[in-house]
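Starting from the structure of chain P, add chain Z where the hints point.
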Amino acid sequence: MSAGAPSIDRQAGPGRPSLHGKSSRGSMLADRVATAVLWGTGAFVLLLLGAIIVHFAMAAWGVVSPSFVLSDPSDSDLGGIFPLLWNSIYMLALTLMVSVPVGILGGIYMSEYAGDNAVTSAIRFAEEAISSVPSIVVGMFGLILFVDELHMGFTALGGALALTMFNLPLMTRLAEQALRAVPQDERSASLALGATKWQTIRHVVLPLAIPGLVTGVILTAGRVFGEAAVLLFTAGIGTPTHLNFGNLDITNPASPWSPFRPATTLSVYIYKLQSEGLGAYRNQIVDGSAALLIALVLIFNLGARFLGRVLTRRLTAA
Amino acid sequence: MLATAPHPVPSVRAIDVTAPVVRDEASAATISIKIATEHVSIMYGEKVAVRDVSLQVQARSILALIGPSGSGKSTFLRCFNRMNDLIPGASVQGAVCLEGENVMDPEVSVVELRRRVGMVFQRPNPFPMSIFENVAYGPRRRGMNDRRKLEELVETSLKRAALWDEVKDDLRRKSGLALSGGQQQRLCIARVLATDPEVILMDEPASALDPVSTLRIEELMRELRQAYTIVIVTHNMQQAARVSDVTAFFTMAEDRAGYLVEVGPTGRIFTRPTERLTEDYISGRFG
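From first to last, the protein sequence lines stand for chains P and Z.
In this text, residue positions in the first sequence follow the numbering used here: the first is 15, and each later residue adds one.
In this text, residue positions in the second sequence follow the numbering used here: the first is 769, and each later residue adds one.
If you're looking for bench data, these hints aren't it; they were derived computationally from the structure.
The reader is advised that the hints may include incorrect statements.
[To be verified] Straight-line Cα separation of at most 16 Å, EDC-like style, residue types lysine to aspartate or glutamate; simulated pairs: (1) P:Lys-211 x Z:Glu-880; (2) Z:Lys-917 x Z:Asp-964; (3) Z:Lys-927 x Z:Asp-937; (4) Z:Lys-927 x Z:Asp-964; (5) P:Lys-211 x Z:Asp-853.
[Said to hold, decoys possible] Quick partial rundown of chain Z residues pointing at chain P, CB under 7 Å, derived from the structure: (6) Val-879; (7) Arg-882; (8) Arg-883; (9) Met-887; (10) Asn-893; (11) Met-897; (12) Gly-906; (13) Arg-909; (14) Thr-963.
[Unchecked claim] Simulated DEER-style distance windows between Cβ atoms: (15) P:Ala-48 x Z:Leu-1045: 50 to 56 Å; (16) Z:Asp-978 x P:Arg-327: 29 to 35 Å; (17) P:Asp-45 x Z:Pro-836: 37 to 43 Å; (18) Z:Leu-983 x P:Leu-316: 45 to 51 Å; (19) Z:Pro-856 x P:Asn-261: 52 to 58 Å; (20) P:Pro-225 x Z:Glu-920: 30 to 36 Å; (21) P:Ala-48 x Z:Pro-836: 40 to 46 Å; (22) Z:Asp-978 x P:Gly-240: 50 to 56 Å; (23) P:Gln-198 x Z:Glu-920: 31 to 37 Å; (24) P:Met-111 x Z:Lys-815: 45 to 51 Å; (25) P:Leu-316 x Z:Glu-869: 53 to 59 Å; (26) Z:Pro-896 x P:Ser-289: 47 to 53 Å; (27) P:Arg-46 x Z:Leu-983: 47 to 53 Å; (28) P:Val-83 x Z:Arg-941: 39 to 45 Å.
Glycine included, C-beta positions come from ideal geometry on N, C-alpha and C.
Here chain P stands alone, though its shape is the one from the complex (with noise of 0.2 Å):
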């Protein structure tokens, strides 16, 4: 350095802290008092989460076993929960069937093609409303409109629309901000390739999307496992009889494949039990349903991120 030039050394000295100076003191425990805030909410979380599973694994032991999970209802002793399980499988494909494409389309259509104007307004407006609706609510809709007005009685084509009504926005929503956070150089680089708008979409846009859209679907999916309140007034509520596989004929409402007839499913089975249920083993069959239905929400979700992951290498490898 010349001479003459400003000395650009900061000379430690009385005007400047030291590295044990007090000054940072403040900021240093804000830092710590933050970093505990947070540590501590997620822990709280998990915690919760932890706690749920352990006290239902707890309260299901010695309740949960194949035969609980494979065999029908019984008067007289446990007996199993096979038919409700197995509805609430059902509900989940007939929901998530007519759901997933048409929210996915919805979602593409809000994030790639509609601008922002008054029609799309109007659509996050009552994408919103309709999330926020209570589920009685519709399902009170659902009773009106499906089981009452259509005369199709309690069916599980009911619920499922009903279902699908109350899910449809979060859906649409959930896909359309998926699509949306694919970011924009993505969609460039295929359009200056001279890709139309569709194949930017379905080779560039959707497969990058894929995690978001799997989160969409296990929240849409985790809804209709949980759901009690719509089904209660549209799939009907009951204790199903033994199911005959061996019936493929789906418009026979005794067919277990068919969606024209009741099918009441785990959760509103609890609801059911608990609230009218009188048999000896209340109790157990309850805790042994709670159970399984966690840990079908949590095979379910961990099944759906696989399928996710698997499905985007495929679409990306073309």
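Leaving out everything else, chain Z in the frame of chain P:
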């Protein structure tokens, strides 16, 4: 060949006669204008981003667009392949002719246009797919599915982009994103070459790269120039001086609209610019 409207920028005309672009006798016979813009103005809503630019790009030459930030170089570049269509509220006036055909014509297929006029972006943006699939992306979208043909095309494209030797062993295993920045940008160039374009637009292709990678890209551009027409936007004046045949200098008017000050053979622009503004910019007094 072109509708010749009276040009407001006199220096534009000068290219045709004075540009020492043609270096050998063989190509002198086939000298042709690849792209010509006529009175191109680009607006974002009410705001004029680029005003009244007319210039011509000769086939198999490199045109560099230089100028300060906000002078509309990139915006102007993006009207060559109509990427401005993607920006809501953007509109273009005037004509951009690719071999005499106005690409602004609403009847023109942008998909076909973008296959003929490829683009390399400022930030390397390979798809999160294997190297092979990155290069095969354009051809596949055009319906090429023959495995052997694709393999051949991927290989020649990567060779032309001077990337083949570095990636040939894990074409399918390695993601395009796993490459270094400079390699990623060459992958993006290979991806464009695979669509067999005539023109390649490069929007500051080396601004995110280290000096060594930058030089490799510049070398590559000089090689590609033998077969392609290249238009490059750059902030780096040495780069413009090193690689381009013709340089166009843009700046901002009082109302912040970008406009073309001067265009001419790179050697002349950097040694004897006719406009004061150009001289100030080049000598670092401004911008």
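Exercise for the section: Go through the numbered hints given earlier and state which of them the structure violates, listing their numbers in rising order. Expected result: none
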